[in-house]
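Undergrad: What follows is each chain in one-letter form.
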Amino acid sequence: MAVDADVVRLRRGDLNALSELITRYQNRLYRYLLRIVRQPAEAEDLFQQTWLRVVEKIRSFDASRNFDAWLFTLARNLAIDHLRRIRPESLDEPLANSWHGESVADRISSKDHTPLDHALAAERRTEISEAMAGLPMIYREVLTLRFEDEMKIEEIAQVTAVPVSTAKSRLRRSLEQLRDALEARYPGGTWR
Amino acid sequence: MNEHDKIRELLALAAADALTSAEEKQVAEHVRACIACSNELEAWRPIASELRRLPTPQPSSWLVQATLARAEAKFTEQAEHDWNHRLMIIVVAFAWLLTIASWAVFHVVSGRFERLLGPQFSHTWISFAAFTSLEWLAGGVAAVMLAIRQRGERRLV
Amino acid sequence: MSRFTKELRVIPEAAWIFAWFAYSCLTVWLFFFVAPKDPEMAKLPRWGQALLVYGFFLLMVAWVALIGYIYGDAKRRQMRYVMWTLLAICIPNAIGMVLYFILRDPLPKPCPGCGHVEKAKFPFCPRCGTLLRPTCPKCDKPVEPTWANCAYCGQQLPEPATRATQNPSVAT
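Residue numbers (the working numbering), protein chains in the order written: chain A, 1 to 192; chain B, 1001 to 1157; chain C, 2001 to 2172.
The hints are simulated quantities; they were obtained by calculation from the structure and are not laboratory data.
Built from N, CA and C at the ideal position, the CB exists for glycine as well.
Treat the hints with caution; some may be incorrect.
For each label pair, taking beta carbons as the anchor points, the in silico distance ranges come out as [as the list claims (entries may be wrong)]: (1) A:Asn16 - C:Trp2016: 33 to 39 angstroms; (2) A:Glu20 - C:Val2028: 54 to 60 angstroms; (3) C:Phe2056 - B:His1085: 36 to 42 angstroms.
With the C-beta cut set under 10 angstroms, the calculated list includes, among others, these residues of chain B facing chain C [claimed, not checked]: (4) Pro1059; (5) Glu1077; (6) Val1091; (7) Val1092; (8) Leu1134; (9) Glu1135; (10) Ala1143; (11) Gln1150; (12) Gly1152.
Please model the complete structure; the sequences and the hints are all you need to start from.
TA: Written out as C-alpha cells, the structure is:
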C-alpha cells in the first residue's frame, strides 16, 4: 500500500515522504478535525499540530500498525485537549455559530441525474450537515469516521479508544439522534 | 416480540453497513417477512446515503505548504536531537571504558614503580579511588567554568 | 550515506595517520619486545597477549579519532577549537569530550547573501547584513520555524513559508 511505503520512508528520514503523506491526508484529516471542533481556523491549526506530533513520534511508531488509525488518534487527542482548554462545554452541546457547510452546490456528487435531484440533494445535505453539527461531539465523530472516512468499526473503536461494542452502539445512537433531530427540524418532510 | 425489537435496533447499523455477516443475514431474513421493519430500513437508507455523500470541506490552499514547512523544520530538529542523544550515550560509555582502562594502566605502572616510590602506593584501591576522584574534580571544575562562560556569552546575543 | 559516516569525515586526515602510526609502533613494541620479558604478561598464552595488546590500544585509536573529531567539529561550528581540543586532551578519561558534546554550539549555515559562515546564533550576517534567520515582526528576536507565536513577546507569527528573510528596511 502506498501509504505504508511512505511511512517506512519517513521513518528512515526521507522528507519527500512527509510531503506526500501530508498531501494525501489533507482533506480527510482536515474534515475530521473540522467535524470535531467546528471552526475552520482551529481545524487548520490543529491539522498543523497533528503533523508536528507525527514527526515527533514517527520513530516510535511500529510500521506494521495501521497508520490511518494512529494518525486520527493523534489528531483526536489534540482536538479534545484543545476543546477542553478553550471550550469545554462544546464537547457535549451544540455551538451557536458553528460551521455547518456552505456552498454545498459546488461539490455535489455526479451521481445525481436531474437538476431537480441536484437541488433536492443539496438541500438534504445542508439539512443533514446542520443537524449533525448540533449533535454531541462523540456522535459527530463516529458519524464522520464511518460515513465520510469509511472506517471499519474496528478502526473506529481504535481511534476513539473504546471497545468495538461501544463504538457500534455509539454509531446506532448517533444515527437515531440525527434522525430525531432531522424530523424535529423538518417535520413532515423527506425524513419520515 | 424479542427478535423484532432486536432487529429494529440493528436496522440503523444495517443502513450504515456496520453489521457482521451473521447479523446481516438475520436482518435480511427478518425484513423479508416483516413489513414494518422493511419500511424502517428504507427510511434509514436516504440518511445513510446522504451522509456518505456530504461534500468534503476544503482547507485553505496554503495549509499543506505551511504544514510541510513547519513539519520539515521539526523533523530536522528531531533528527538532530536523536543523533545527539545517541552520540552522548556512546561518548559517556567511552569515558567509562577509558576510566576502567586507566585503572588497569595505573595498576601496571604503579606496580612497576612501587619499588621506587615506597610501599604505601601499593594500596591499589585507595590509589584508584583517589586518582578517579581527582579526575572527576578536575572535570567538574572545568564544566562549571565553561558553563558560566557560555551563559555569559548567550546573554550577549 | 548514514549520519555516522558523514560525521566521520569531520575527523582530519592527520588524526587518523597519527593514530594508526602510534598504534602500530606501540603495539609492535609491546608485543614483540616488552611482553615476552614481562613477568606478568608471560603468564598469558601468546594469543592472549596479542588480544590484550592489540585490543587495548584500539581504545587509543578511538581516543585520538575523537580528539580529531572535536577539533574539526569545533572549527566548523565557529567555536574556539584550539581550546576545546586541548580540553578534550587534557581533562582525563574523556570527561572533556563529554563536556564538549553537551556544550557545543549548533551548526551554522552559510549566509545566502555572501556565503560567509558565522556562528549559528547570529540573526544577521556580519559581512553583508543579510537577515539569516526569520525574526519576530514586533520584537525582532530570532524565531524558530516551528513556532506559531513569538516566544519572547507573544506576537502571532505569519506562516513559515511567507516569513521575511530579506534585508529589513534599515534605511528609514
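Undergrad: Could you run down the list of hints and mark each one as holding or not?
TA: Structure-based check of each hint:
1. One distance hint, 33 to 39 angstroms for the beta-carbon pair asparagine 16 of chain A and tryptophan 2016 of chain C, holds here, with the actual separation near 35 angstroms.
2. Remark: the range hint 54 to 60 angstroms for glutamate 20 of chain A to valine 2028 of chain C is upheld by a beta-carbon distance near 56 angstroms.
3. Between phenylalanine 2056 of chain C and histidine 1085 of chain B the C-beta distance comes to about 29 angstroms, which lies outside the given range of 36 to 42 angstroms.
4. With a cut of 10 angstroms, the hint placing proline 1059 of chain B at the interface with chain C is violated, because the nearest CB-to-CB distance is about 13 angstroms.
5. For glutamate 1077 of chain B, the suggested interface contact is upheld, since its CB lies about 7 angstroms from the closest CB of chain C, less than 10 angstroms.
6. The criterion of a C-beta within 10 angstroms of any C-beta in chain C is met by valine 1091 of chain B, whose closest approach is roughly 6 angstroms, and the hint holds.
7. Residue-level restraint check for valine 1092 of chain B holds (minimum Cβ-Cβ distance to chain C is 6 angstroms; threshold 10 angstroms).
8. Taken as an interface hint, leucine 1134 of chain B checks out: its beta carbon lies about 8 angstroms from the nearest beta carbon of chain C, inside 10 angstroms.
9. Interface hint status for glutamate 1135 of chain B: upheld, as the beta-carbon distance to the closest one in chain C is roughly 4 angstroms, under 10 angstroms.
10. Because the beta carbon of alanine 1143 of chain B sits about 5 angstroms from the nearest beta carbon in chain C, less than 10 angstroms, this interface hint is met.
11. For glutamine 1150 of chain B, the suggested interface contact is upheld, since its CB lies about 6 angstroms from the closest CB of chain C, less than 10 angstroms.
12. Restraint check, glycine 1152 of chain B versus chain C: the minimum CB separation of about 13 angstroms is more than 10 angstroms; hint violated.
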